[in-house]
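Protein chains in written order, with the numbering used here: chain A, 139 to 487; chain B, 139 to 487; chain C, 139 to 487; chain D, 139 to 487.
Simulated from the structure, these hints should not be mistaken for laboratory data.
Wrong hints could be hidden among the right ones.
Note that the list lumps identical chains together, so a pair holds whenever it fits in one copy or between two copies.
To be verified - Lysine-lysine pairs mimicking BS3-like chemistry, simulated, CA-CA at most 30 Å apart: (1) Lys444 / Lys232; (2) Lys306 / Lys282; (3) Lys276 / Lys306; (4) Lys180 / Lys330.
There are 4 protein chains.
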Amino acid sequence: MATADAIRVAILGASGYTGAELLRLLVRHPRVRIVALTADRKAGEGIDTVFPQFIGLGLPRLVTIQEVDWSGVDAVFCALPHGTTQEVIAGLPKHLKIIDLSADFRLRDPGEYARWYGHEHRAPSLQEEAVYGLTELKRTDVAKARLVANPGCYPTSAQLPLVPLIEKGLIDADDIVIDAKSGVSGAGRAAKEASLYAEVAEGTHAYGVASHRHGPEIEQELSASAGRPLVVNFTPHLMPMNRGMLASIYVRLQNGASADDLRAVLLQRYADEPFIQIVPQGVAPQTRHVRGTNACHIGVFADRVKNRAMVFSVIDNLMKGASGQAVQNFNVMYGLPETMALDQLALFP
Amino acid sequence: MATADAIRVAILGASGYTGAELLRLLVRHPRVRIVALTADRKAGEGIDTVFPQFIGLGLPRLVTIQEVDWSGVDAVFCALPHGTTQEVIAGLPKHLKIIDLSADFRLRDPGEYARWYGHEHRAPSLQEEAVYGLTELKRTDVAKARLVANPGCYPTSAQLPLVPLIEKGLIDADDIVIDAKSGVSGAGRAAKEASLYAEVAEGTHAYGVASHRHGPEIEQELSASAGRPLVVNFTPHLMPMNRGMLASIYVRLQNGASADDLRAVLLQRYADEPFIQIVPQGVAPQTRHVRGTNACHIGVFADRVKNRAMVFSVIDNLMKGASGQAVQNFNVMYGLPETMALDQLALFP
Amino acid sequence: MATADAIRVAILGASGYTGAELLRLLVRHPRVRIVALTADRKAGEGIDTVFPQFIGLGLPRLVTIQEVDWSGVDAVFCALPHGTTQEVIAGLPKHLKIIDLSADFRLRDPGEYARWYGHEHRAPSLQEEAVYGLTELKRTDVAKARLVANPGCYPTSAQLPLVPLIEKGLIDADDIVIDAKSGVSGAGRAAKEASLYAEVAEGTHAYGVASHRHGPEIEQELSASAGRPLVVNFTPHLMPMNRGMLASIYVRLQNGASADDLRAVLLQRYADEPFIQIVPQGVAPQTRHVRGTNACHIGVFADRVKNRAMVFSVIDNLMKGASGQAVQNFNVMYGLPETMALDQLALFP
Amino acid sequence: MATADAIRVAILGASGYTGAELLRLLVRHPRVRIVALTADRKAGEGIDTVFPQFIGLGLPRLVTIQEVDWSGVDAVFCALPHGTTQEVIAGLPKHLKIIDLSADFRLRDPGEYARWYGHEHRAPSLQEEAVYGLTELKRTDVAKARLVANPGCYPTSAQLPLVPLIEKGLIDADDIVIDAKSGVSGAGRAAKEASLYAEVAEGTHAYGVASHRHGPEIEQELSASAGRPLVVNFTPHLMPMNRGMLASIYVRLQNGASADDLRAVLLQRYADEPFIQIVPQGVAPQTRHVRGTNACHIGVFADRVKNRAMVFSVIDNLMKGASGQAVQNFNVMYGLPETMALDQLALFP
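Build out the structure end to end from the sequences listed, making use of the hints.
Right under this line is the structure:
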């Protein structure tokens with residue numbers, strides 16, 4: 139996989155779940171050579187000690203960020219925690235193309251950032267430069283970007299169905315309820331009581347109610363679609379499962395639209411998109427059918443309540459919700475076919 | 139535990155999950171003697187063959203309904219499938235008190251029943267006689283009833299929080315979204331592809347969208363609270379877990395009400411109820427904290443969207459959503475303390 | 139349930155899973171009044187903040203061990219981590235009866251203790267005083283004990299079937315393989331990467347191979363049964379489940395014994411034991427059928443290999459493997475019926 | 139992916155889990171064109187109705203076996219139930235290369251077959267012709283075969299570590315205990331009570347004790363390695379997980395061998411095998427690290443019992459244990475690189 143013209147890639151934060159997922163994809167990417175893997179606390183270990191599934195691949199050992207020789211790197215996937223990322227990226231050489239999977243560069247308004255993250259942004263010029271990378275909706279910008287802010291998982295699952303509907307004026311943008319359900323891998327590999335098997339298995343609950351940081355990200359993008367500031371209900375729930383995200387979206391129809399009109403608009407908008415599928419009428423999409431893939435499946439139903447409809451969208455939170463979309467953006471940035479290294483079919487069961 | 143004045147109980151349909159749950163409760167009920175267990179397809183087998191957890195208890199063998207000697211029975215718990223139940227119950231002697239866990243006697247309007255179940259009701263006079271047994275809301279009626287229609291799991295989880303709020307006029311009863319999440323035991327023990335481990339584990343999806351039969355049951359009771367016909371959004375989702383039900387309810391406030399007002403009304407209404415807990419502000423209730431119990435935990439949150447709020451209620455679908463509430467109703471019907479045999483604490487983890 | 143003659147109980151380490159399980163049992167114990175709950179790091183919090191399933195029970199707040207007024211305490215359940223327990227217990231007043239759920243007092247040989255735990259025992263006289271509390275096998279000693287070392291979960295599941303077979307000389311005590319499988323709650327509530335949902339769900343593996351500290355505990359007790367030092371294979375495996383423990387035990391028959399003889403000996407030995415069930419021939423016991431109970435189910439099979447047999451035993455690792463047996467020992471120590479507060483039936487599904 | 143010289147493939151029994159897994163692999167196989175998919179009970183449906191993960195791929199509709207035009211087919215993957223397969227394959231044209239995933243052609247001795255399956259084999263000449271396809275051990279034969287009997291999942295996980303050790307005489311072949319653990323997808327997609335989520339989740343148990351049909355298959359192949367008839371202990375257990383198989387193998391060392399010698403022999407034997415990894419000393423292999431891959435990870439440990447050792451091997455039961463090995467055999471039969479379409483990395487978490 140390491141051709142002469144390979145793009146030399148570093149993954150920062152390779153010891154987390156999004157890091158592992160990037161590796162799973164990039165090891166098999168025909169144009170990529172992985173030249174550096176960083177993990178501050180685990181520097182010095184082999185990646186196959188940290189993730190035994192990578193045994194036998196001859197990957198580089200984990201190092202600290204300081205140890206990376208940037209002159210031998212073309213592109214960086216940054217899978218570091220929120221908050222610390224901005225300073226790390228600010229310190230990187232300018233020849234690097236960067237796809238950042240953290241939340242640090244997603245909010246464009248510095249005031250909004252400060253309000254939700256509790257401190258001033260530490261790299262405001264980069265924040266301005268960063269392109270929000272929901273590929274299907276921002277492809278042209280991504281193609282020209284040096285720094286892509288890879289979207290959050292919840293915002294991806296919500297925007298893909300909602301943006302076309304808002305743009306066409308088919309739904310009341312002031313009356314949107316997003317009841318979202320996520321697998322626990324979204325919480326990362328940090329050892330937290332709330333992520334223990336015994337705390338997650340065989341039960342479910344809402345969390346981050348009216349306070350989850352993906353809320354303002356969703357609103358920023360939906361507001362842009364509507365051309366005016368929106369506030370939406372967004373309520374995340376933790377599911378007893380590793381992967382997968384389901385956004386159950388409850389909308390009020392307007393301008394005489396029907397659920398069929400919603401479906402028609404989505405079908406048309408995504409007709410040529412390799413990763414987006416509008417599932418047949420009457421089918422409720424299931425997260426397990428996109429497990430391990432970069433796909434988004436969307437279903438539309440009329441409500442029994444007059445003038446209301448439901449839209450369901452499912453993604454794999456580690457793929458289209460994180461590392462898969464990151465590779466998709468990478469492909470766009472380098473002018474490669476968008477599906478390169480992303481043609482996995484779902485692992486079901 | 140079988141005293142001289144024991145109430146002699148038969149369980150019809152003892153080989154399903156609600157049957158097993160009834161047994162778990164009634165075996166330890168200080169006033170109950172279990173005298174008959176039926177299971178048509180498994181008649182002749184020991185209940186401890188069908189459910190090995192009941193080994194060593196000396197319970198009666200499974201028989202067919204025809205084999206039961208009703209003269210030695212005082213009360214019947216009926217855990218048979220929907221549709222077949224009405225004829226079975228119509229054929230039972232009139233001296234029996236009956237708690238029916240099927241849906242057959244829940245809908246009061248014969249037309250509504252026929253519309254949702256595809257056939258005329260076959261025991262219309264019993265349908266009229268039956269008392270809808272959501273205990274906390276119908277205690278007086280239940281106390282006098284001979285035939286109790288035990289509520290569905292989804293309707294129980296939705297009504298407990300919603301009825302007081304609708305009655306007090308604090309929420310817009312025409313703008314209610316109920317995103318409900320259930321463990322798979324609610325689908326019963328029938329061998330269906332959709333209930334296989336490999337089809338349920340590690341994924342989630344909506345089902346019965348705009349067509350689930352608990353919808354009209356919810357609307358019947360909420361309409362009674364509102365004093366006029368309501369239609370609500372009710373969307374069930376299947377969770378990869380055995381037990382538990384979470385109703386995430388999205389409401390619009392009215393008449394100047396705040397989320398705090400909602401909480402206050404619920405606190406007051408349920409102050410003396412042993413099974414209902416309004417959880418502290420900021421806490422999202424979790425299904426695992428009511429696992430194996432007859433409890434319902436309810437939490438209230440203000441939305442970031444103006445004049446909107448979220449109410450979360452959790453129950454164990456096999457307990458307060460089925461067999462637990464059935465025993466609670468039994469206790470009420472016999473003038474026993476309502477918590478008798480229902481004082482389990484949650485099995486967590 | 140707090141009568142005048144209640145036994146006043148303190149639980150040390152109430153914020154862990156065995157602590158929660160003790161609470162689940164003791165709150166409903168008719169002779170117990172819970173007067174103190176300790177949890178050093180969470181001192182000051184309500185137990186219902188730490189474990190929301192205990193909301194509404196009016197339990198004491200969590201305090202540090204130092205804050206407990208021992209003059210108002212009769213009995214202590216100690217659910218603290220291994221290693222720190224011995225010093226805590228050494229510092230307690232002598233009027234207290236103590237059931238210790240840690241491993242600190244299980245090994246009788248100080249040298250063996252030092253070898254497996256890496257330091258000299260810090261309370262050697264208590265170590266000598268402590269009675270090993272596998273109730274069915276040590277009932278007489280437990281009844282007289284002031285300090286009971288509650289057995290480990292793996293040792294409990296292994297000894298119950300093996301001790302009678304070794305004592306009767308039916309199996310070759312030098313050729314025993316114990317392949318043991320445990321739910322993850324056995325690892326406790328500490329936030330460790332290895333216990334995360336994403337690390338445990340949907341997979342299995344051996345751990346602590348040839349190095350798990352329950353190995354010497356098993357060998358100590360089996361050696362006592364054999365009357366000579368034994369070494370056995372004991373290999374624990376982590377299961378993707380909350381609770382439950384299965385010991386699959388592979389033995390060589392001797393002295394002309396058959397699998398039927400093994401079964402007969404176990405049936406006879408445990409005929410009067412309320413918690414031990416020898417399941418019918420041909421039935422393989424399942425952990426889910428003892429979930430939430432203090433039961434142990436044992437099954438015996440002839441092997442196709444000549445002169446070999448398999449014995450399977452299942453327990454709930456938090457119940458008979460920890461807190462349930464602790465309460466059982468408490469009952470014995472106080473001359474109460476052994477099943478008091480332990481008559482739960484399994485929560486299945 | 140359908141080049142002019144594509145190999146035209148039919149999958150019989152495409153609506154089961156091994157069928158779906160074959161599709162997942164073959165859709166991305168650069169030399170394969172899928173021309174027919176059969177599923178008798180679901181004939182007429184689209185494969186994306188049966189398995190929504192295959193939406194948008196333009197695959198052929200499901201048909202009955204009778205409807206297939208064999209003149210346009212080169213190779214057949216047969217994923218039909220045991221027992222019915224032999225007659226189906228007997229009726230196929232002779233130009234077809236066949237990889238059979240059922241058990242019908244695995245046992246070479248007709249008497250043994252009749253004993254374990256309860257009837258005479260119905261295609262005895264094919265039974266004689268069939269090559270047992272454990273690729274790493276039978277590569278030369280597979281390359282020349284027209285009909286390959288793809289091995290069972292348990293036998294694959296057991297033979298890969300055991301055959302080299304038996305051949306080298308390092309272990310006592312008369313004293314082998316195989317405690318095997320499987321995910322539930324191995325039971326297939328048939329709607330059986332025992333495979334329901336509620337029967338499988340959150341618990342574990344042995345099954346098919348001393349009677350599982352993979353027993354004679356294991357013994358046939360190990361006996362061939364030993365050069366004399368062997369009987370081994372093989373005890374399967376059901377795990378609460380979709381995929382994955384762990385064989386925990388307990389052996390007695392002989393001829394002065396140590397655990398290190400076992401490891402050395404396995405390292406040497408599998409040094410050039412792309413799918414077999416001997417994991418580092420002290421590491422217990424985990425099923426999740428081979429999930430979705432054709433890999434087998436093997437670990438070796440010395441026992442604390444003198445002259446005994448443990449060998450752990452993990453595979454994905456649907457991959458190396460079924461469909462992955464089937465594609466590997468297909469590649470060998472067609473002289474293609476053995477890893478073609480099999481270079482997936484594990485989906486973890």
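Evaluated hints:
1. Taking CA atoms no more than 30 Å apart as the test, Lys444 paired with Lys232 passes in neither setting, with 55 Å inside one copy and 44 Å between copies.
2. Taking the shortest Cα distances, Lys306 and Lys282 sit within 30 Å of each other inside one copy (27 Å), while across copies they are farther apart (57 Å).
3. Taking identical chains as interchangeable, the C-alpha atoms of Lys276 and Lys306 lie at most 30 Å apart only when both belong to the same chain, with a minimum of 17 Å there against 48 Å between chains.
4. When the C-alpha separation of Lys180 and Lys330 is checked against a cutoff of 30 Å, the pair qualifies both within a copy, at 18 Å, and between copies, at 15 Å.
Of the hints listed earlier, the one the structure fails to meet is number 1.
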